[in-house]
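Peer 1: Those protein sequence lines, which keep their order, are chains S and F. The first sequence: position 10 = 12 (the numbering used here), numbered continuously. The second sequence: position 149 = 150 (the numbering used here), numbered continuously.
Check the hints yourself; a few may be wrong.
[Claimed, not checked] Partner residues are not named here, just some residues of chain F that face chain S (Cβ under 10 Å, in silico):
1) Phe153
2) Arg159
3) Val163
4) Ala164
5) Val165
6) Glu187
7) Trp188
8) Cys192
9) Arg195
These are calculated hints, taken from the structure and not from any lab test. Glycine residues also receive a C-beta, built at the ideal position from the N, C-alpha and C atoms.
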Amino acid sequence: MAVAATVLLIDDDEDFCASIRSLLEAEGYGVVTAASGKEGLRKLAEVHPDVVLLDVMMESTTEGYAVSGAIKVGAVPVPVIMISSVEYGPAELFARSEEMEMIRPDAYLTKPVDVAKFLDTLKVVLARRAPVPK
Amino acid sequence: MISEDGVRDQETVVVIDDDYAMRLSCHQILAKMGFRVEEFEDGARGLEGVSRLKPSLVVVDLKMPGIGGLEVVARIHKLDPEIITVVITGFATIGTAVDAMKSGAYDFVPKPFSPDELRVIVNRGLERRRLRLDSKRHEQERELMRRRFVTFVSHQLRTPLVAVHQYLDVLKHLPEGPDAVEKRAEWMERCLVRTDEMQQLIKDWLTLAEVEGGALTRERVAVDAAPLLSGLVDRLSTMAAEAGVTMTCQVPEDGLPLLGDAAALSMLFENLLVNAIKYNRAEGRVAVTAEGRDGEAVVSVADTGIGIPEEYRDAVFDEFVRVKGEGAKKTTGTGLGLPICKRIAGELGGVIELESHVGVGTTFRVRLPLHRPVQTAATAGGDA
Ligand SMILES: Nc1ncnc2c1ncn2[C@@H]1O[C@H](COP(=O)(O)OP(=O)(O)O)[C@@H](O)[C@H]1O
Ligand SMILES: [Mg+2]
Numbered sequence: 003m004a005v006a007a008t009v010l011l012i013d014d015d016e017d018f019c020a021s022i023r024s025l026l027e028a029e030g031y032g033v034v035t036a037a038s039g040k041e042g043l044r045k046l047a048e049v050h051p052d053v054v055l056l057d058v059m060m061e062s063t064t065e066g067y068a069v070s071g072a073i074k075v076g077a078v079p080v081p082v083i084m085i086s087s088v089e090y091g092p093a094e095l096f097a098r099s100e101e102m103e104m105i106r107p108d109a110y111l112t113k114p115v116d117v118a119k120f121l122d123t124l125k126v127v128l129a130r131r132a133p134v135p136k
Numbered sequence: 002m003i004s005e006d007g008v009r010d011q012e013t014v015v016v017i018d019d020d021y022a023m024r025l026s027c028h029q030i031l032a033k034m035g036f037r038v039e040e041f042e043d044g045a046r047g048l049e050g051v052s053r054l055k056p057s058l059v060v061v062d063l064k065m066p067g068i069g070g071l072e073v074v075a076r077i078h079k080l081d082p083e084i085i086t087v088v089i090t091g092f093a094t095i096g097t098a099v100d101a102m103k104s105g106a107y108d109f110v111p112k113p114f115s116p117d118e119l120r121v122i123v124n125r126g127l128e129r130r131r132l133r134l135d136s137k138r139h140e141q142e143r144e145l146m147r148r149r150f151v152t153f154v155s156h157q158l159r160t161p162l163v164a165v166h167q168y169l170d171v172l173k174h175l176p177e178g179p180d181a182v183e184k185r186a187e188w189m190e191r192c193l194v195r196t197d198e199m200q201q202l203i204k205d206w207l208t209l210a211e212v213e214g215g216a217l218t219r220e221r222v223a224v225d226a227a228p229l230l231s232g233l234v235d236r237l238s239t240m241a242a243e244a245g246v247t248m249t250c251q252v253p254e255d256g257l258p259l260l261g262d263a264a265a266l267s268m269l270f271e272n273l274l275v276n277a278i279k280y281n282r283a284e285g286r287v288a289v290t291a292e293g294r295d296g297e298a299v300v301s302v303a304d305t306g307i308g309i310p311e312e313y314r315d316a317v318f319d320e321f322v323r324v325k326g327e328g329a330k331k332t333t334g335t336g337l338g339l340p341i342c343k344r345i346a347g348e349l350g351g352v353i354e355l356e357s358h359v360g361v362g363t364t365f366r367v368r369l370p371l372h373r374p375v376q377t378a379a380t381a382g383g384d385a
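Whole structure, please, built from the sequences with the hints as guidance.
Peer 2: And the structure:
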């Protein structure tokens with residue numbers, strides 16, 4: 003079966019990656035995981051995913067923001083869904099400065115993710131993106 | 002406020018007085034001091050000016066028609082308590098000047114006054130403003146740091162809980178089949194591991210709080226570290242053997258007297274020993290040596306393990322920091338052990354030093370003040 007889309011999951015928690023991977027694979031997605039921002043950016047260039055799921059606090063407390071920034075200024079536009087257990091609302095956070103506005107993700111979810119809402123968000127974000135010729 | 006060449010950064014000072022001559026002389030004195038000076042002839046205009054100009058200091062005449070000086074002072078204070086107000090008053094209204102200070106005025110100058118008198122009060126007032134603004138800024142910075150830390154800690158404590166919740170929620174949604182059965186068995190084990198981690202995190206976090214509050218180190222009794230260390234080495238020998246690590250222990254035969262809490266000291270050394278075993282290699286060694294010299298007890302725990310990369314040597318003493326890599330993958334841990342050790346050593350008047358070579362080994366050295374029991378007449382003679 004051809005995959006619906008390829009998801010790059012960047013998160014330093016192995017268990018979180020394991021459960022999300024199984025869920026997505028059962029839904030027909032292809033999944034690639036990376037345990038750090040650096041590894042994530044490397045795999046981004048390698049596998050050209052259709053969407054990136056991005057944790058915030060990894061090695062550093064703001065690693066996810068740095069990765070999101072790198073993706074947003076990068077040559078290949080790929081939507082980003084930020085997934086973090088940090089409480090504060092993204093609306094307030096990303097409106098705080100121009101720099102933060104630059105790295106605003108396409109969607110933001112809090113951990114643990116509600117499975118139904120998570121799958122919905124994924125579909126919406128994937129549908130929104132411009133069709134890229136493969 | 003005064004830069005090196007003696008020129009003031011232009012601060013604004015407002016003068017509110019109905020008396021033209023008084024405004025003029027104040028203006029001259031203050032302008033000479035380097036301020037940008039704005040004058041207003043009554044309270045209403047003055048207040049409007051203050052809220053527009055946001056001056057550092059306001060000079061207000063107490064006796065004015067319309068809105069009186071007292072009222073002006075109170076309203077400025079309400080607008081921004083960091084604005085310094087100095088009231089000008091005749092001798093007859095000294096009582097009112099005291100009222101003005103109760104309303105928030107910084108000080109008063111009785112009429113008539115010399116330029117020097119005004120200068121001194123203005124400078125003092127601005128100095129006080131500067132100090133207050135500085136301490137306010139420091140307070141805000143501290144508060145920001147504290148809030149970041151709270152966010153960080155709650156994230157750390159929540160991480161295992163998130164992992165467990167996500168496993169359970171995904172399990173509920175996975176279609177039934179052999180795959181789900183296999184996942185269920187595997188994930189249940191992981192959930193147990195992560196809940197254990199959560200327990201350990203909370204336990205260590207409480208220990209850290211206890212050390213910080215002084216509860217763990219409050220008791221100061223004479224403790225001989227020599228048997229304490231050899232006892233610990235014995236107790237951990239099984240764990241070491243399982244990891245294929247050999248331990249040796251060399252302590253002074255006549256003891257190593259410390260002053261502190263036995264349980265806290267034991268926790269300090271146990272953490273270091275467990276790390277030395279955990280982050281070692283198969284057929285590795287751990288050498289514990291202790292000696293007293295120059296009023297100081299030095300306890301070294303040296304291992305032949307994976308080492309700590311240079312960029313982590315300070316960070317490993319911070320909360321929740323674990324070196325990413327093989328060490329962290331193969332072991333479980335909270336990253337709170339070394340912060341606990343550092344706090345205990347600090348509370349007991351000591352320090353921990355760290356020397357490490359990646360791939361070769363690490364040595365932690367604990368330095369604590371030696372305890373010299375008070376000599377009684379009977380034992381004093383035997384002192385060599
Ligand atoms: N003896 C050692 N050799 C190598 N690395 C060590 C050693 N002791 C501590 N570390 C590193 O420092 C980190 C923090 O140690 P600690 O605060 O005791 O937390 P934990 O052991 O729970 O991870 C460890 O995760 C490990 O990466
Ligand atoms: Mg430890």
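Peer 1: Any CB of chain S closer than 10 Å to the CB of Trp188 of chain F?
Peer 2: 7 Å, holds
Peer 1: Does Glu187 of chain F pass the interface hint, meaning its C-beta sits closer than 10 Å to a C-beta of chain S?
Peer 2: 9 Å, holds
Peer 1: Interface hint check: Val165 of chain F, Cβ to nearest Cβ on chain S, cutoff 10 Å. Holds or violated?
Peer 2: At 8 Å from the nearest chain S Cβ, Val165 of chain F passes the 10 Å test, so the hint holds.
Peer 1: For the hint on Arg195 of chain F, just tell me whether its beta-carbon gets within less than 10 Å of chain S.
Peer 2: 6 Å, holds
Peer 1: Hint check: is the beta carbon of Arg159 of chain F less than 10 Å from a beta carbon of chain S?
Peer 2: The hint holds - Arg159 of chain F has a Cβ within 10 Å of chain S, the shortest such distance being about 5 Å.
Peer 1: So, as I understand it, the hint says Phe153 of chain F touches chain S; can you test that by seeing if any CB pair is closer than 10 Å?
Peer 2: At about 6 Å, which falls below the 10 Å cut-off, the nearest Cβ of chain S leaves the hint on Phe153 of chain F intact, so it holds.
Peer 1: Let's test the interface hint: is any C-beta of chain S closer than 10 Å to that of Cys192 of chain F?
Peer 2: Holds, because the Cβ-Cβ distance from Cys192 of chain F to chain S comes to roughly 8 Å (cut-off 10 Å).
Peer 1: Is the interface hint for Val163 of chain F satisfied, with its Cβ closer than 10 Å to some Cβ of chain S?
Peer 2: 5 Å, holds
Peer 1: Any CB of chain S closer than 10 Å to the CB of Ala164 of chain F?
Peer 2: 4 Å, holds
Checked against the numbered hints listed earlier, the structure breaks none of them; every hint is satisfied.
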